[in-house]
Amino acid sequence: MKKKYLLYSLFAALLSLSIASCKDSKNEPSHNTIYSTSPTSAQLTHFALKPNVKVLANLDSVHFVIDQEKGLVYNVDSLPKGTNVTKLLVSMQFGTSVNKAQFVVSDGEVIKEEKTIDYSDTSTDSIDFSGKVVLKVTSANGQNIVTYDVNVNVHNENPDTLLFPMTERRDLPAAGDSNYALGMVQFNDQFYSLVNNSNGRYVCTAPTPAGKWSTEKVELPFVPVEGSLTATTDAMYVLDENGNLYASQDAKTWTSTGAVWTSVLGAYGDRLLGLTRASGTLCTDEYPRRADFTPAKAPEGFPVEGYSQMMVVSNDWAVNPVAIMVGGTDEHGKLSNATWGYDGSIWAKMNSNVNNSMPAITGATLVSYCTYELNNVTQVATKKNSWLVMGGRLADGSFNRKTYTSRNLGITWTTAAKSLQLPDYMPAFSGALGFVCTETMSLKAPSRIAKPITEWEVPYLYIVGGNDVNGLLHNNVWKGTITRLTYRPLY
67 MKKKYLLYSL FAALLSLSIA SCKDSKNEPS HNTIYSTSPT SAQLTHFALK
117 PNVKVLANLD SVHFVIDQEK GLVYNVDSLP KGTNVTKLLV SMQFGTSVNK
167 AQFVVSDGEV IKEEKTIDYS DTSTDSIDFS GKVVLKVTSA NGQNIVTYDV
217 NVNVHNENPD TLLFPMTERR DLPAAGDSNY ALGMVQFNDQ FYSLVNNSNG
267 RYVCTAPTPA GKWSTEKVEL PFVPVEGSLT ATTDAMYVLD ENGNLYASQD
317 AKTWTSTGAV WTSVLGAYGD RLLGLTRASG TLCTDEYPRR ADFTPAKAPE
367 GFPVEGYSQM MVVSNDWAVN PVAIMVGGTD EHGKLSNATW GYDGSIWAKM
417 NSNVNNSMPA ITGATLVSYC TYELNNVTQV ATKKNSWLVM GGRLADGSFN
467 RKTYTSRNLG ITWTTAAKSL QLPDYMPAFS GALGFVCTET MSLKAPSRIA
517 KPITEWEVPY LYIVGGNDVN GLLHNNVWKG TITRLTYRPL Y
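In the working numbering, the protein residues as written are 67 to 557.
Bear in mind the hints are in silico, worked out from the structure with no lab data behind them.
Just the calculated beta-carbon pair ranges, DEER-fashion:
#1 GLN168 - GLU439: 35 to 41 Å
#2 ASP336 - LYS363: 21 to 27 Å
#3 ASP358 - PRO489: 48 to 54 Å
#4 ASP336 - PRO273: 22 to 28 Å
#5 GLU180 - THR111: 22 to 28 Å
#6 PHE288 - ASP358: 29 to 35 Å
#7 PRO231 - GLU439: 23 to 29 Å
#8 GLU366 - ARG467: 29 to 35 Å
#9 LYS136 - ASN536: 57 to 63 Å
#10 LYS449 - GLY208: 43 to 49 Å
#11 LEU538 - GLU366: 31 to 37 Å
Ideal placement from N, C-alpha and C gives every residue a C-beta, glycine not left out.
Work out the full structure: start from the sequences and follow the hints.
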């Protein structure tokens, strides 16, 4: 059974893991295939590329799958973009002695016309895998021939690039003029926007932030602070200009909760977390309050404005889900790069006494997403739960143009790989909203696969709005994802 920790213990445990070194797993799959040793057998049991450091380090460690039923040989994890596969030597094994094994090669960059190459353990003939390659194996008695289509897959692009195509950019709902204000949440499997512009106030709904919005003009009996709009599992909430907290199920009809707060922090399950003042003291609060709850003095350095969206995640280390948020300015006006965590009971600074590459920042966009870790030996990419920080403004007032990433709940932050940095054509922003929506992607089935996967789930990252250098809201909804997530799964 895995040991689980409360927040302070979790911080210590994850910190020790983040600075410890460990050996990479080979991620080698197990094989239970039983191969025939009959003289009539022509089964291929092992396929690999021979070492060639001029092509790629550890080329011989690249794992190949042999699909006996479909007659396919391929590497599941494609080789890096630009790998030269026109002159490769191979190593093969068979279930028993075979009469012969021949590669029929054609339509390649080097071997253009059809050519048959006989394979033997001492062969020095290289294979051009840039075109069509068929392996024909003849059994020892010469009576059976088994053929395999052999593919050495190479990426056409960096598969770990976080792309935000211009073609996927959309306008904000009910986009208006310079007086435009926006709040957006996901509630009951639908997105709600509370919008204000010179023409009035609107409630907009759509299945995704870039979907088709239904818009309805509304009259509210109070003046909401649109940016405070937050949704728990049970209701939507918003503050008015005087700090009064209201609740709603449809964003059209609102009921006063009786709570008065200075700001909303975020949602934790069915509870809303926020800040209030009791006898002049800044306190953390919740709504609805649990029976044994009383507002507690906020920790020293706790942000009062400019903090990111709060993200809640479950993991194998903590007893309860952990909410985190980053950056912001405390009540003394000090800007911070701190990560604050909440475990259902207490708030704590997650990255105390840890040096981070992320600078002090306000208005950052925080999202819980995924990145990939490439094993340079096997070329196997492993999916990792990650947190990304984008946008925001720095202490000197300039915009942050770097993306930062963490894999340990924000205890440490590093500058993300170049492939995860935002494109230059996306304008600098501060205070943008970030959402992740899982959507179904589909492709027509390739004819050579008997039972192909034609639909799979892709997590898309949405960046909504954000303020420009003049404090005006960008009329942008950006939709992006990591490239390899759009590739058809092979199994």
